[in-house]
Structure formats: C-alpha cells, structure tokens
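Number of protein chains: 4
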Amino acid sequence: MVDPGSTMGATIGVGVIGTGFMGKAHALAYQTAASLFSLPARPILEMVADNVRAGAERAQRSFGFRRMTEDWRELIADPKIAIVSITTPTGLHHEMALAAIAAGKHVHCEKPLAANEADARGMMEAAEAAGIATQVGFNYLKNPLLGLTREMISAGELGEITSFRGIHAEDYMADPEMPFSWRLEPAGGGVLADLGSHIIGLARFLLGPIVSVFADLETVVKERPVAPGQAERRTVTVDDIARLSVRFARGVGGTIEANWVASGRSMQLGFEVYGSKGGLAFTQERMNELLFYRAGGTRSQRGFVRIEAGPEHPPYGLFCPARGHQLGFNDLKTIEAAEFLAAIGGEPAKGPDFREGWEIQKVVDAARHSAESRSVLPVP
Amino acid sequence: MVDPGSTMGATIGVGVIGTGFMGKAHALAYQTAASLFSLPARPILEMVADNVRAGAERAQRSFGFRRMTEDWRELIADPKIAIVSITTPTGLHHEMALAAIAAGKHVHCEKPLAANEADARGMMEAAEAAGIATQVGFNYLKNPLLGLTREMISAGELGEITSFRGIHAEDYMADPEMPFSWRLEPAGGGVLADLGSHIIGLARFLLGPIVSVFADLETVVKERPVAPGQAERRTVTVDDIARLSVRFARGVGGTIEANWVASGRSMQLGFEVYGSKGGLAFTQERMNELLFYRAGGTRSQRGFVRIEAGPEHPPYGLFCPARGHQLGFNDLKTIEAAEFLAAIGGEPAKGPDFREGWEIQKVVDAARHSAESRSVLPVP
Amino acid sequence: MVDPGSTMGATIGVGVIGTGFMGKAHALAYQTAASLFSLPARPILEMVADNVRAGAERAQRSFGFRRMTEDWRELIADPKIAIVSITTPTGLHHEMALAAIAAGKHVHCEKPLAANEADARGMMEAAEAAGIATQVGFNYLKNPLLGLTREMISAGELGEITSFRGIHAEDYMADPEMPFSWRLEPAGGGVLADLGSHIIGLARFLLGPIVSVFADLETVVKERPVAPGQAERRTVTVDDIARLSVRFARGVGGTIEANWVASGRSMQLGFEVYGSKGGLAFTQERMNELLFYRAGGTRSQRGFVRIEAGPEHPPYGLFCPARGHQLGFNDLKTIEAAEFLAAIGGEPAKGPDFREGWEIQKVVDAARHSAESRSVLPVP
Amino acid sequence: MVDPGSTMGATIGVGVIGTGFMGKAHALAYQTAASLFSLPARPILEMVADNVRAGAERAQRSFGFRRMTEDWRELIADPKIAIVSITTPTGLHHEMALAAIAAGKHVHCEKPLAANEADARGMMEAAEAAGIATQVGFNYLKNPLLGLTREMISAGELGEITSFRGIHAEDYMADPEMPFSWRLEPAGGGVLADLGSHIIGLARFLLGPIVSVFADLETVVKERPVAPGQAERRTVTVDDIARLSVRFARGVGGTIEANWVASGRSMQLGFEVYGSKGGLAFTQERMNELLFYRAGGTRSQRGFVRIEAGPEHPPYGLFCPARGHQLGFNDLKTIEAAEFLAAIGGEPAKGPDFREGWEIQKVVDAARHSAESRSVLPVP
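Chains as they are written, first to last, in the working numbering: chain A, 1 to 380; chain B, 1001 to 1380; chain C, 2001 to 2380; chain D, 3001 to 3380.
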C-alpha cells in the first residue's frame, strides 16, 4: 500500500445490508478507510438496506448513503454497487451472500460466516466459482499487534511453538433475564459460533490449521424470556460455554474457551502462546498492548515486555503518528474495510476470506459433534 | 443531544488550516462526527489550506475536501466556510485566529491556544466581542471516563477533595539527536506549553481554577541539531521538564509534571485525585479504564474498581453499543468536533473555549515567572 | 485460634526429612509459626535428616535443629519427635510416610502426596487407621485471599457458579538443556503431578469434587541430558503440558492446565471463576491481589475490584497489621505449619490432609488414563 | 556473605524495646535472619522491653525472648545484650539511643531517626564517637529489586539521569475520625517524617544527596478525636500531605510526595526515574516487580519490561530458589537485620546508618522551613 493520499479518481459503490451494531460499523469503516488509506478506488456509500424503514432512513441520514431500501434484493441488484456488506443475523448470511455472488458482487460478510459448515461451504464454493472477492468480519485479527504476533511467531522469535491457550469471554448473556434474540436461535449458533469463531479464527491466524478437537459445550441458562419484559419462557438449545482441547496441524496442542456468561468480562478475547524461546500474551481488553517474553539475555532483567502499539506496527501510523496514543474498536473495522478494498483492487488479499470462514466453521461443527459424542474428532 | 440519525438537511462548511498530525485528525473528526452524532448541521469539508501545495492536495484527496489552497487567508475569507480549524504551530495561532474572528468565523484552534498569555487574551477578547463560538483542541478532556470523573467529583463521591497529582510525560524529545522543530522554538513554549497545557487543562476541568503556583523548569538537552541529520547545533531555550506545585481556588493543593524526555513513556497523561471518601486514578495509556476507590463498604472487599468504558459513559454508545470494546485516540477528536458543532447549533457549549484556553495560558505564564523568580506566584 | 502470644509452655518435637527447597521452607515455617501464631504447643526443631551429611549439618546450623542424622529412619524412630515433615522427592513419600505413621507420628508431607493413586490411598488408609494427623504441603491454598475466595463462593456472592478456568504454568523445564532430575522420573509424575496437583487441589478447594475428566498430555522435550552438563541424552516419558476438561460434582464445568515449559511464566498459578452474579480472578504472580466483579450496582461504576490483602483477611494480621504490605511465599508455608499444629492440638483441621491428597491423586490418575484412552473418564 | 549455613558457634545478644508493629517485626527478623543468612554470629533474642507488662510478656512468649522487662533502661544496661533495637514512637528514639550508645551497644533504630535534625545529629555524633554500629529501619530499601535499581542507575543503564518522581501515599489517616496517636504529635513529625522519610531515603539511595527543596505542607484534617471513641477534639498541628520539589547534588530535579490521607492507597511507595537511555518504575504495592525501559533495540518490540524478583536479585535466593515466588514485607526486615549483623561482624555496612538517618532528617527539616517561608531552601 503506498502513501495515503494517492487514491486516484476511481470510486467503488458499497451497499450495506443491516443497520445494527455491525451495519453502522461497516458504514463508518468504509467512510474512514477512504480518508486514511491509499486505496485503488474511493468507496461510495451507495445504498443501505434494512427491512425496518426507519432504520434504513436513519442510517442513510447518518452516514450519507445515497439511497436506502427496505428490500435487500434491490440493493444486491443495483448496478452501481460493487461491494455488498452483509451485517444481518447469521441465519441470513447464506441466502444473501449467494444472491450477491450470483449478481457478481464482492461480498463482505459478518462473522460467523454461516449457521453451519454446509452453508459456509456453499458460500465459499459459489464465491470461488464466481471469482469475486470475499471478506469475513473477524475484525479483531486486524489489530496491528496481532499482525506483529503472527510475524514474530512466523519468524521464530518464540522458537518452536509448544502451546496455545485462547479465550473469548464476555458477559452479555450472564443475566438469566436476558431475553431471546437471534443469537440464541439454533441458526445463531450459540457462543461457540458467536465468540468461539473469533478465537478459533485467531488461533488459526497465528498457528495455522486445527486438525482435531475435543469439546465440552453447555447451556447454563436453560430457559429465557421469549422477548424483553415478557414472563413467558423459552427453552434455550444453544450453548453458553464451549471448552475445546485442540491439536494444530503443526503438532501443537492448545485450549480454546468461548463463554458469554463470564460475569465481569466485557472483551476478554485473549491468548497466551509459548515456545521454546519465548512467550506472547494478549487480551483485547488492552488491545494496544502485547506482552512478549524472550528467553536469554541478562538474567536479572528478564520479564515480559509490554509492547505498546505505535507507528512501528502498520497500519497504526495511518491513524496516528505517535506511539501509545491508542487505536479503538472501530479502527479495526476500518483496517478490515481498507484491506478488502485493496484486495479488490488487486493487492494480495489478507483475508479472512470465505474459504477461511468455512475452515473456521468446520472447527465449530467438529466441536459440536465432539461434544455430542464426547470424543476427540478430526476436523475434516 | 438527541438520537443519532436526526441531523436535518442543514450543512455547515468547515475549513482546516494545516495538514499534519492535527490537520488530519480534525478532518477525520468532522467527517466521523457527522456519521455518529445527531447534529444541528452536517459538516462539509469545504477547504483545506497548507502552504506546501502537495500537502494540501494530498489532504484534499484523502478526506474529500471540496477545495484546497496554499493561502490560509483565502480559506478564512471563503464565504462557504463557517468553521475554521487552526492546526498550525502554536506561534501562528494568534494571527490566524484573529483573522478568522474578524471574518466572523467560528474558530476551532489547536492547543495550546497561544504562545503567551497576552496573545491568548487577545484571541479570547476578540472572539467574545465578535460573539463567535470557539473551541480549543484539548481532546483528552473528551474521554467519556473523564466526564465521569468530573461528575463523580462534583457529586461528592470522593467526599471533600484533598489532593491532586497530575502528570503528562512522553519521550519524543528524549533522544538528544532529535532536531529542532517549532516545538523547540520560544513560541512553541516548551514542554510546559505543549504537554503542560494538557494536564493543567485537565486539572482545571476536574477541580476548577488554580490560584497560585510554584514551578521548577529545566532544559535537559541544552543543544540539538538545527535540522534532521545536521551536525550543526543550536541552543535550546525552552524547558524539557516542568514541575509545578499548585493550589486550587477550592483550597486543594496538588502537583503537576510535564516531561517530554521521560524515556519509555508514550502517553502518560494521568492523575490521581483523593478525597475524604475515595480516590480516582487514570492514565491515558489505558484510556478506557478508570480506577475508583470508595471508602466504606465491606472491609474484606475493599480496593480500586477498574471501571471499563462502555455505553454507560456517553457518548461512548454512539461509537459502540458494547462495553469494553475500546475507544481510540481519534474518537476523542470526533467527540470534540461533535460538541463544537452542537455548541454552534445552540446547545450549551462544553468547551474548552478560548476563555478557558486563556485561563490555562495564565497558569503556564505564571509558572514560567515562578521558575524565573524561584517563588510562589499567584495566577492572575 | 486465639490471640497470638498465648501459647502455653507445652512443646512439640518436629523432625524434617530433606533439606532442599521444601526442607528449608518447612524448618522456617515451624520456627516462624511459633512466633506469630497462638499455638497449643510450641514446635521444637528436634532433628533434621538428609542422606548427604553436609546437607544435614548445614540445615542444623542454619535453623538450630537440636540434632541431625543421615538416616531418616532414625528420625522417625526418635521419641522426642511428634511431627515428621517429609520433603523428599515424590517417589519416597510412600515408604517414609508409612514408617512415620507406623511409629505413631503426625505426618506433614510435601505434595504431590504420592507417585500414584494406589500409594496415596495406602498412605491415607494407614493414617486414618492410626488416627494421626496429616497435612499435605499445598501451601498456595493458605493464601488469605484464597480463603476469602472460598468463603465468597460459598456465601453465594457469585450467585450460581457457572465456570472455572485454572492454570499452573511455569517455565523451569522450558530449556531443552535442563537435565534429568527426580521430577522427570516416572515416579515424579511429570507436570500433571508436580504443578497439576496444585491447581487441581485449588479447584477442589474452591468448588468441591471433580467427577469426570478429559485430558490431553504431551511431552514437548522428548529427551534431555542425563545429568547437568552431560552430552548423553535420556528419553523423557513424563508430560510437560497437561490440559484437562473437567466436570465438578456440583454440575459445573471447567478447564485446568499445567505447563512447565511456559516460557516467561514463573508462577502463573491462577484461576477465573464465574457465577450468575459475579466473577473472581487470581494469579499467584500477584498473590496479594484478588479481582472481584459483582453484577448489579451503579452501571457506570462497574468493574473488577482489586482487593488487596490486609488484616481483614485472616491470618494476614498476624504477619502485619497494615493492609497492602504484602505477604510472601514463605508466609504461606508458615500458615500451613501453624494450622497443622492447631489441628494436632485439637482444633478443626483445615487440611488438606492425606485424604484430600489422595482425592487429588485420583484426579491425576484419571487424567492420565483419559489421555491414554483419549476419552472422558469418571474420577472414581 | 558466604553460603547460608556457615554461621559459626558465636552468638550475639539482641534486646528489643517496644512490642508493637515494629517490635514484632524486629524480633521476627532477627530470628529468621539467623536461619536464612550466613552470619558472623547467631542472634539470640535476649530480652524484650515494654512499659506495659502484658505486652512484654506476650512478646516474650511469642518470640521466645529469654527475658522481659518493663524498664527499657534495664535492657540497655544488660551485659548480655550487644544490639539494642528501638521500635518505640519517634519522640523516644533520642533518649533511648543515646543511652544505648553510652552503654556501648550497637543500635538498630526505627525510622524516622528522630523528631528533628538536632536530635538526629546528636545521635549520629554520639554513635560515631562511640564507634558502635548503627542501622535505621528503612526496610523498603532492602528490596532486592531496589538494589537492582540502584545498580542499574549506577552502571549507566538509564544513561544520564534526567528526572525523579517519588511518592509515598497511604490512607491510614484519611478517616477524620481516626483519633490522636503519637504519629499526630509534633514529635511524631506528621506525614513528612513518617512516610516522607521513606521516600526521601529512597530518593537518596538511588540518586544521592538532595541539595535544595521547596515544600508545600498541609493539614487536611484540622482536628481529630483526642482518643478512640471520644467526642472531644484536639487540633492537629502536623501535616497530612507534603509535596516537595527537590534538586539533587548530581544536578537532577525531582518531586516527592508524602500523603497519609490518600484514600484507597495502602502502600504506594513508588517512583519513576528517567534517563537519556531508559526509565525505571516501581511501586511497593507490587514489590516483586520492577518496570524497566531501555531505549534502542528493535523498534517494534519496545516497551517496559516487567522484571520479576528472583534469585538473580540477591539475597532473594536465600528465601526461595525460584523466580516469581514473591517476597513479603517481613522478608525485607529480615534482610535489614541480617545486613546489620553482617556489618557488626565486620562486613561493609550497607546502611542506612545514623549518619544517613540524619541526612534524611535534614531534608525533612529543610522542607518544613521551606513550607513556612514559602521559598526554595538549601539542604544544609
């Protein structure tokens, strides 16, 4: 990527489906990416779709979308749109993505890619057959310090890797009175799909393929209100906690936990990875810090270094020229959008793409089967 | 401020002078503010000025400014521009701001407001006489957790305040080979003006007026290269470290340190404030955390609470609906821009305005005189 | 336990077998316990045994043991000795403990209790049949903050417990050149017995019995020097990393990791435990701090409280009357010795006793079998 | 100091005056020092003195003192006592120390050395004239990590030192209902003498003599109950907060704060020291950790290293052979006692001795005069 500011006159139309948490994040990310990154084409917020008209209108006004619609199919069909962002509940991804691919659009889909492995595979195959570019919204992977982590592991700075411990714990489902939502529907996939996909994706990002898994899944809150403020209860069938013991293709073992009833935790997406020569520890709760231990050196001065994010960790410098000034959550989404735009423009794709989304889904599905059979299962 | 999305059709033209660190930050902030906040008028990036043409062109392309110029006077004179953002070196603020005020523009000026108290007063008086709105870029004050801090102090949650300890330490001047720049010119004001103004502003934001000061200022690196890579040296006359002992009008004492040669510190803008019933501690290095101790309660469970920023701390929720997901540096500038736009639109101004910038400058100047006379001096 | 200082004239003879890390810790603990705690009888360091004469002599001089011996059987047979401390390698515990029990001594044995479940059971049964008092050296359980943790869980301060995550990671075996020692012998039990027993014991201390386990064990360093500085290698058969997925009798699931090749970690004995109403997190790396989150309360002030150890957490106050002044590692051993002396004197035993040591060993053995069969196994 | 265990048959009698917090700490320290350190002579707890008989009796029983007395003069006169430990309120130090010196005893006196500079000088002069060994109880200086800090500064690892920021803040006087005690008497010296002497001593330990001072002292709680639970109030004349701006003889400036009304702080004895090539930060709240930043090196891996105390930092290894296992508060006192015993035996004294206690007192007195005159004063 060359210096920011060199974006040529070219533009590219973006359509965003959904106007919730992620819909807004996508709109903001495309807008900001155009300002901070040097891109092959400037994204234009062409259209937003929400089946609730008021939501679509509000998003249009806020982000300056040129048009809005209640019908996502209209958005996909629009000739001015080259990129379709899908930010709807997981169960809708499959249908929408296939339609967008069929229309020849590049597709930016929120995570997890699909409700199950078969759907994810269908999406991946369709995308690859169509030759369009894809991106899955695992935004945490875009943290410059995680890029550094991957590079350091890859460069052998930890020596031979020996162990991985990964966690994604939050508490937004801890309150038993938290009512049903799409995340609690079978298609939502429970915590394993919702948070587990993030940490599985991160594990793969750092250490490569996972080849086998043992999983313990459990539903802690057995029933919840059918809707906010209602007394009526509905049985929950998805898991609240997932504990995985995994083996990577490179011969390393590890554990992965996903938990959305971890009272007190709001963003404990973290890991520790150890090797024969060092260790690295991270938590998204302090996303601008990475702890690094290197064996050897002066014995009396050993310990973990708290590396602070700075312009030494691209593309941090595009956001701020000064170290330690802190990136935020939305900045990660901006990087994701910028990298997707670059990939569409012909630069090497940084992913994760639909194939990677499918690979993650395979681990999710294998974990589910493992939990049912209480046995170690290979990831196909 | 009502719900985002309700910004009406009105627009307001913004002109930004300067395209460096802060020039970009302002441009991005106005752009993002329009998307996330409900504003009385949508800001339009009307023109950018930089006396280096390439810089102006690059900024125009990156942020989509409608026009650019090499002549800041042209920008100020432009009838489509209602807000002038001044992001140039401190020594230029006075002339530019007076010109903008004379042209009837609202002025958003970077900190410190001016090179000295007389200039700052002149700017304040001109602005108040003209009745235009002003804003000084002390963006750290916009952190939602510092808003919470001020509220808690004001609500008496710490009891009677007894002490304040404030620090702004970084290390960007620690290397003796760091060459001269405008920050090292007398008009730049040294660390006392550059970083000191931030922490003095924060002290006032939390505890109100400072009425007397004792200061110890020192220049650690006595001479530096005249320019990058040059062997020739030039004597440094501004201070590298400032240590203040202050008294607040409310009868509380405290200390304030500003230091730009604090090797290892990249963003240690922090404070601890104590009262008869509790204490609060903060550092911008972990800007999404605030430590709070409340006396009393169960003795065996006492300690500092690590409060994580979340939607409970407005306007965090406009950026992200989930607690603990982290705001970043640029988000603070966005809040600053949004609040200034709201103030222009008639909502109560949250400041800091030029009057507050002048008040801060008075403390800076009193500290300089105190250091020269080695005595405690009143702040006029 | 009444106020310190009331220890009557009675004394009780202590014999310590072994003079390494733990031998010294025991000697110091009995000595200090007598000074800080009010005990039914003052312990007298009667005899120390080490099969290396110089070691025994040195320990005698250092700690003021009245006598020393090269023959541990002589120590056990000594009529002036009522308490036998066994601090030798694990493989020797069984024989020594049985002999001490047969001689009618109270036995304080280092952890893990034995090399396998059968030995542990034999020791437990002999002790219970003989009616002597026993103590196993899981000193970390004596941390006043872990006592608080157990009380808080038990009192329902976390609501219904939903999850446990426990870790004991260090790096003293990370260097592949670390030579063979008794810890690497089969009787040493590998990391699962060495560190795993600590965290399994802690899990049981906090949440009660573990009823089933799935384990993944692996040997990372396949061969090591036969002795310090020797080129000859010997194959390692014990595990370097153990990852367990467990279920507690109370219906809660959890994970437990033991790792002695975790480069950079020197004392990561920690856990996080979550419930419907709160969470607790701890690491022995900061043994004087406990993090506590309580759901509810003022939303804008939520977060984990960092509870600092103080006299509110007995028996901290016997060591120091002021909060936050820090206990150290040896203080935990002192508490262990004092509680054992109190139990011998008739106060309720706080354990862990040999029965508990055997229960822990059952989990260790079940985990080994699980790893071999790659299946979930019940803990008998 | 040679290997532990080599203490010869020689013994040395110790008498302790006072049985409160520090009296117990001294007794325990001498006892433990004998076990862990190789000493020229084994200390014998010969006699304890307390003007309250019950206190003396209790201490005798607890620590095994051979004798006890209500009359401290009897203790000083006792021919079997070679070391007199003075742990009484500050106002009594002068008389007791002079008596002990006159009797030819070595004197271990708690801090601060005296109620004022004149008394301290008298004690120092008497001790030096008598040729006896002295030790002042600034135990925090005995932290192995502070020894490392001093070595690193001295070895130039931070380059040229540029700044010091020192704090000792606690909250034991924060409650306005905390009644009068000797610490609030004029002879107690207020927070400046009580906590300030610790951080002044630490500043001198690390950076050498302080040559001038400006001080702001204030009494926050103007009156307090005359005794526990009494309604009657008495005016407080000593300071609750002291803020100093100092200059060191080496040409470095710094700040020092002492505060015993810092609600929430139990042991914030800390500092940050910066140099041209690095920085170090420490707080006694985490006394087993030292943060170290070194400029240069790989830019993307810069940050503060969290050095964990271990056997690489003597004499940590005498307490525990394993890194990260944590020393505690009492261990520092043990090191102090051991070093004093070694000095008496002829090894180089590590101090702080009475001369150093006097030097610290000179800074305290100069600070008081500075606060009265509101001017910068030289330290004589």
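It is worth saying that the hints were derived from the structure and are not from the lab. Quick caveat: nothing in here was measured; it's all calculated off a predicted structure. Each residue gets a CB set at the ideal place from its N, CA and C atoms; glycine is no exception. Misleading hints may appear alongside valid ones.
Stated by the list, open to error - In silico BS3-like cross-links for lysine-lysine, where the CA-CA straight-line distance does not exceed 30 Å:
1. A:K222 / A:K362
2. A:K350 / A:K277
3. B:K1277 / C:K2350
4. A:K277 / D:K3277
5. A:K222 / C:K2277
6. C:K2277 / C:K2080
7. B:K1362 / B:K1350
8. D:K3222 / D:K3362
9. D:K3080 / D:K3350
10. B:K1277 / D:K3362
11. B:K1222 / B:K1277
12. A:K362 / A:K80
13. A:K350 / A:K362
14. B:K1362 / B:K1080
15. C:K2277 / A:K277
16. B:K1222 / D:K3080
17. C:K2222 / C:K2362
18. D:K3277 / D:K3350
As the list claims (entries may be wrong) - What follows is a list of derived Cβ distance ranges for each label pair:
19. A:T235 / D:D3175: 21 to 31 Å
20. C:A2155 / B:T1011: 27 to 37 Å
21. C:E2177 / D:R3150: 48 to 58 Å
22. D:R3150 / A:P209: 45 to 55 Å
23. C:P2179 / D:E3151: 28 to 38 Å
24. C:E2372 / D:F3021: 31 to 41 Å
25. D:R3150 / B:E1223: 22 to 32 Å
26. D:G3064 / C:P2348: 26 to 36 Å
We went through each hint and held it up to the structure:
For the hint linking K222 (chain A) to K362 (chain A), the alpha-carbon distance of about 26 Å falls within 30 Å, and the restraint holds. In summary, the hint linking K350 (chain A) to K277 (chain A) is supported, as the alpha carbons are separated by about 28 Å, within the 30 Å threshold. As the CA atoms of K1277 (chain B) and K2350 (chain C) are separated by approximately 38 Å, the hinted pair breaks the 30 Å bound. For the proposed pair K277 (chain A) and K3277 (chain D), the alpha carbon gap of about 26 Å is at most 30 Å, so the pair holds.
This hinted pair checks out: K222 (chain A) and K2277 (chain C) have alpha carbons roughly 16 Å apart, not beyond 30 Å. Annotation: proposed proximity of K2277 (chain C) to K2080 (chain C) is violated, straight-line Cα distance about 53 Å (limit 30 Å). Taken as a hint, the K1362 (chain B) and K1350 (chain B) pair is honoured in the structure, with Cα atoms around 20 Å apart against an allowance of 30 Å. Restraint check: the Cα-Cα separation between K3222 (chain D) and K3362 (chain D) comes to about 26 Å, which is no more than 30 Å; the hinted pair holds.
Only pairs whose Cα atoms come within 30 Å are accepted, and K3080 (chain D) paired with K3350 (chain D) is accepted, the gap being roughly 25 Å. For the proposed pair K1277 (chain B) and K3362 (chain D), the alpha carbon gap of about 34 Å is over 30 Å, so the pair is violated. Taking the CA atoms of K1222 (chain B) and K1277 (chain B), the gap is near 45 Å; set against the 30 Å cutoff, the hint is violated. Proposed proximity of K362 (chain A) and K80 (chain A) is contradicted: the alpha carbons are some 35 Å apart, above 30 Å.
The straight-line distance between the Cα atoms of K350 (chain A) and K362 (chain A) is roughly 20 Å, inside the 30 Å bound, and the hint therefore holds. A hinted pair counts as satisfied when its Cα atoms are at most 30 Å apart, and K1362 (chain B) with K1080 (chain B) does not qualify at roughly 35 Å. Our distance criterion of 30 Å between C-alpha atoms is broken by K2277 (chain C) and K277 (chain A), whose separation comes to about 40 Å. Among the hinted pairs, K1222 (chain B) with K3080 (chain D) is inconsistent with the structure: their alpha-carbon atoms are about 61 Å apart, more than 30 Å.
At most 30 Å may separate the alpha-carbon atoms for a hinted pair to count; K2222 (chain C) and K2362 (chain C) meet this at roughly 26 Å. The suggested pairing of K3277 (chain D) with K3350 (chain D) holds, with an alpha-carbon distance near 28 Å, which does not exceed 30 Å. Remark: the range hint 21 to 31 Å for T235 (chain A) to D3175 (chain D) is contradicted by a beta-carbon distance near 52 Å. Under the hint 27 to 37 Å, the C-beta atoms of A2155 (chain C) and T1011 (chain B), about 60 Å apart, miss the expected range.
Checked against the hint of 48 to 58 Å, the C-beta distance between E2177 (chain C) and R3150 (chain D) comes to roughly 33 Å, which is inconsistent with it. Evaluation of the 45 to 55 Å hint for R3150 (chain D) and P209 (chain A) yields a pass: the beta carbon distance comes to about 51 Å. Our hint of 28 to 38 Å for P2179 (chain C) and E3151 (chain D) holds, since their Cβ atoms are close to 31 Å apart. Taking 31 to 41 Å as the suggested C-beta distance range, the pair E2372 (chain C) and F3021 (chain D) does not conform, at roughly 55 Å.
A hinted range of 22 to 32 Å holds for the C-beta pair R3150 (chain D) and E1223 (chain B), which are about 30 Å apart. In this structure the hint that G3064 (chain D) and P2348 (chain C) lie 26 to 36 Å apart at CB holds, the actual value being about 27 Å.
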